[in-house]
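J.: Listed below, chain by chain, are the residues.
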Amino acid sequence: MRIEYQPGTSLLHRLDVRAKLLLFALAVTATFLFGHWLPNLLMTLIALGLLLSSGARWREIGGLIAPLGFVLVFIVVFAAFGYNADGAADPAHRAVLFALLPDGGLPLSLGGLYYGLSLGLRILTMVMLTTLLLRCTPIEHFVAAMRVARVPHPIVFIVMTALRFIPTMQHRADQVLDAQRARGAKVDRGGLIGRVRAYIPIMVPLITSGVRMSEDLAAAMLNRGYGATRRPTALLELHAAPRDVIAASAGVLVLAALVVLRVLGWGAL
Amino acid sequence: MTAAITADAFSFSYAGSGEWQLSALGLSIQPGERVAIMGATGAGKSTLAMALNGLVPHHHEGEVAGSLVVDGLPTLSSDVVDLVRHVGLVMQDPETQITGATVLDDAAVGPANFGLPREVVLDRARAALNLVGMAGLEDRDAGRLSGGQKQRLVVAGVLAMDSDLLVLDEPTSELDPVGTAEVFDVVRELSATGDTTVVLIEHEPELVADWADRLIVLVEGRIVFNGPPAGFFGDRDLVEAAGIRAPQVAEAGFVLAQAGRRDGSVPVTLDEAVKVIEPWPGTASPGAPVERAHGDPVIEASGLGHVYPGGVAALTDVDLTVRAGEFVAVLGRNGAGKTTFARHLNGLLRPTSGTLRVAGEDTEGRTVSELARKVGYVFQNPDHQIFANSVRDEVAYGLRNLGWDAARTTERVDAVLEQVGMAALADRHPFTLGKGERQRLAVASVLALSPDVLVIDEPTTGQDRRGSEAMMQLVRTLNDEGRTILMITHDMTLVAEHAERALVFAGGSLIADTSPAVLFGDADLLARGTLTAPQVTELARRLGCPRVVPTVAAFAREWGVEEAVHAH
Numbered sequence: 001m002r003i004e005y006q007p008g009t010s011l012l013h014r015l016d017v018r019a020k021l022l023l024f025a026l027a028v029t030a031t032f033l034f035g036h037w038l039p040n041l042l043m044t045l046i047a048l049g050l051l052l053s054s055g056a057r058w059r060e061i062g063g064l065i066a067p068l069g070f071v072l073v074f075i076v077v078f079a080a081f082g083y084n085a086d087g088a089a090d091p092a093h094r095a096v097l098f099a100l101l102p103d104g105g106l107p108l109s110l111g112g113l114y115y116g117l118s119l120g121l122r123i124l125t126m127v128m129l130t131t132l133l134l135r136c137t138p139i140e141h142f143v144a145a146m147r148v149a150r151v152p153h154p155i156v157f158i159v160m161t162a163l164r165f166i167p168t169m170q171h172r173a174d175q176v177l178d179a180q181r182a183r184g185a186k187v188d189r190g191g192l193i194g195r196v197r198a199y200i201p202i203m204v205p206l207i208t209s210g211v212r213m214s215e216d217l218a219a220a221m222l223n224r225g226y227g228a229t230r231r232p233t234a235l236l237e238l239h240a241a242p243r244d245v246i247a248a249s250a251g252v253l254v255l256a257a258l259v260v261l262r263v264l265g266w267g268a269l
Numbered sequence: 270m271t272a273a274i275t276a277d278a279f280s281f282s283y284a285g286s287g288e289w290q291l292s293a294l295g296l297s298i299q300p301g302e303r304v305a306i307m308g309a310t311g312a313g314k315s316t317l318a319m320a321l322n323g324l325v326p327h328h329h330e331g332e333v334a335g336s337l338v339v340d341g342l343p344t345l346s347s348d349v350v351d352l353v354r355h356v357g358l359v360m361q362d363p364e365t366q367i368t369g370a371t372v373l374d375d376a377a378v379g380p381a382n383f384g385l386p387r388e389v390v391l392d393r394a395r396a397a398l399n400l401v402g403m404a405g406l407e408d409r410d411a412g413r414l415s416g417g418q419k420q421r422l423v424v425a426g427v428l429a430m431d432s433d434l435l436v437l438d439e440p441t442s443e444l445d446p447v448g449t450a451e452v453f454d455v456v457r458e459l460s461a462t463g464d465t466t467v468v469l470i471e472h473e474p475e476l477v478a479d480w481a482d483r484l485i486v487l488v489e490g491r492i493v494f495n496g497p498p499a500g501f502f503g504d505r506d507l508v509e510a511a512g513i514r515a516p517q518v519a520e521a522g523f524v525l526a527q528a529g530r531r532d533g534s535v536p537v538t539l540d541e542a543v544k545v546i547e548p549w550p551g552t553a554s555p556g557a558p559v560e561r562a563h564g565d566p567v568i569e570a571s572g573l574g575h576v577y578p579g580g581v582a583a584l585t586d587v588d589l590t591v592r593a594g595e596f597v598a599v600l601g602r603n604g605a606g607k608t609t610f611a612r613h614l615n616g617l618l619r620p621t622s623g624t625l626r627v628a629g630e631d632t633e634g635r636t637v638s639e640l641a642r643k644v645g646y647v648f649q650n651p652d653h654q655i656f657a658n659s660v661r662d663e664v665a666y667g668l669r670n671l672g673w674d675a676a677r678t679t680e681r682v683d684a685v686l687e688q689v690g691m692a693a694l695a696d697r698h699p700f701t702l703g704k705g706e707r708q709r710l711a712v713a714s715v716l717a718l719s720p721d722v723l724v725i726d727e728p729t730t731g732q733d734r735r736g737s738e739a740m741m742q743l744v745r746t747l748n749d750e751g752r753t754i755l756m757i758t759h760d761m762t763l764v765a766e767h768a769e770r771a772l773v774f775a776g777g778s779l780i781a782d783t784s785p786a787v788l789f790g791d792a793d794l795l796a797r798g799t800l801t802a803p804q805v806t807e808l809a810r811r812l813g814c815p816r817v818v819p820t821v822a823a824f825a826r827e828w829g830v831e832e833a834v835h836a837h
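In order, the protein sequences belong to chains A and B. Take the first sequence: its position 130, counted from the start at 1, is 130 in the numbering used here, and no numbers get skipped. Just add 269 to the spot in the second sequence (first one is 1) and you have the numbering used here.
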């Protein structure tokens, strides 16, 4: 799935970008609160539900997660085996399910399994929330938020331009790939070294044309009077509506409630 | 009245280049003039365009001499940010000139950079969009516009800065005929009022002759002509020496003048030519069409269709057979399906319905690298594929992919370089070659695999007359040697001169499979394919010739002039 803005009219689309960024930060904090897999699973499911309600299709979500599959499994396994069960608060978590080595080395404890699962679920939640944020918010809104935050214009411009050129570079990469495949390039075969070698014929034209594009862009910017003033006129003005205040307050309250639960010992591993 | 542009012995040399890209230019252009600039590749056209708004020498640095004053501002001592308030520059590739997310945002970039009040910025942007015919599209995603719309948006962007001098550097070179027409309509409208001075760099002589009040021709950085277009195009030797093509009607005039059928003066626009050239003399000399024998079918499409994953039907139910040795033109506007069709031939795309057979075998289950040995695909922009450090290595790439050993590869590379006339350049770095040579290198690197079929996408784009002629000569030779050629192009003159068959795509369907002559004679079909017949075809029709005249050579035949066509 291309992680880019999809026009829509859902509540998430209509919220002010500042409210969304706050909610996003609260949600990310929430994922770090609980060590137990169950609350993490709940949050993953909520993120999935939100993503689906924003119009993402199951297949697209699969396409988003599939490339992460290997890394996720890797992290879950390493975390699970590396977990030190001796310190677990709940004695049940110290139970060893099995050990990888015959002499009892590298044991997998129940606590380790839960810990690994939590970690994997957190990553999934964050990937989905980030995607959700980007799908529901046009780039200009992030840029406007940066302006409101008084980020210097050159930095705002760099971010804006970089984001603007992602689809262009994606398109250019496809063109280069096609041109090399038409000369018999086998880009998806061979070991790691073979693949890196196969990518040289793709990276070189892509980089040279990228450099050329950036030169053209620099000239085009000057053509449009870039640098005439230190603070160019902002075209997009952000307006916070009552719903933004309500949503942000609700988010803060939910996080506060979760923190209280956590302090009471709920959801710990 | 002060002149819009005054140059006095203006010279410029890019730092480190060691030669003058512009040499002792002297000119004076009045406000409201319509000025065209022409010249071969490397003549200094773009450098002049950038000098007009100060990018040269303030952004692209180098040695300067003389003076250039634009709208009362001396460019050497003024800042670019001040010059751009007076001079708007539109460059070739719209892709790199758009920075706003939406149409309105992008049109507003200039005035916003000046720090004007928000209301003024938006008013100016809306007014500029209105001028280029894009009112109503304000909220559209700028990235998803058509090429013609993008370039019009760029024009709006500079108009919004309130400049009264508009400089356009080959604004249509990346566009299809529809986009080109859109941009030209805007240029015509803007220049018709006389409020805006328009300087246009353009390589189509027909457009220049029709539009410009004044033509400036550059050769190696010097002005060799400065005056009304008719004065230049009427002098065949001058046109030839500048490496430029004359309008086809002028060519037709030359042919008759050479045969003693006209006095020396030649028409340069179609309307003029219709008035002054003698009507069709009525001699019935159709010139028997050369029937060429063709071999076995090499491409057989049956019910071929392609639906993209998003559900867009890009190609619907295409049935056709191409035989070995044919020279086929593949035509249609951008998005008509011609590229989608061509990309099936070497397996870059797979049919979602129907079948495709290449060299007698179904393409199903055959990899791109297998098919690449049957169908070579030369893409439009050679810079999208060139990566090696030498011409030789670039050509060897495909053979190495096939697993050929070093000795055999060297032998084949040498043979191919010989064939395309690049043997002397074998050890050069590809990026030191000119655009025409890089395009030739792209052809060579595909030819290395000895494909029977060659798909060539716009082989002459961005090249001057000499470059184009050399490239077409090569393609012709390859065809004469028996290779099947499928040429994707917007250039109807190329089609008329080289192709024996035309495939016309529109809306994803093959709407015609016929000869170029039949196509050019069918106004309805041309309209449906958004194509325009060559100028000489229109001339002959208006002069009463009952047959379709696709080329100047055919015109000479119909007007009873034998072998008088100027040999290029």
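Bear in mind the hints are in silico, worked out from the structure with no lab data behind them. Glycine included, C-beta positions come from ideal geometry on N, C-alpha and C. Careful: at least some of the hints might be erroneous.
[As the list claims (entries may be wrong)] Reference listing, derived: stretches of chain A covered by chain B, where coverage requires no fewer than 3 residues with Cβ under 8 Å from a Cβ of chain B: (1) 86-99; (2) 210-221; (3) 226-233.
[As the list claims (entries may be wrong)] Computed far set for chain A versus chain B, every beta-carbon distance over 12 Å: (4) Q175; (5) I207; (6) L258.
J.: Evaluate each hint against the coordinates.
T.: Against the structure, the hints:
1. 86-99: Check failed, 0 qualifying residues.
2. 210-221: It holds, with 8 qualifying residues against the three required.
3. 226-233: holds (count 7)
4. Q175: Non-interface label fails for Q175(A): nearest chain B Cβ at 5 Å, not farther than 12 Å.
5. I207: Violated, since 9 Å does not exceed 12 Å.
6. L258: About 36 Å separates L258(A) from the closest Cβ of chain B, which puts it past 12 Å; holds.
Violation of the numbered hints given earlier is confined to hints 1, 4 and 5; the remaining hints are satisfied by the structure.
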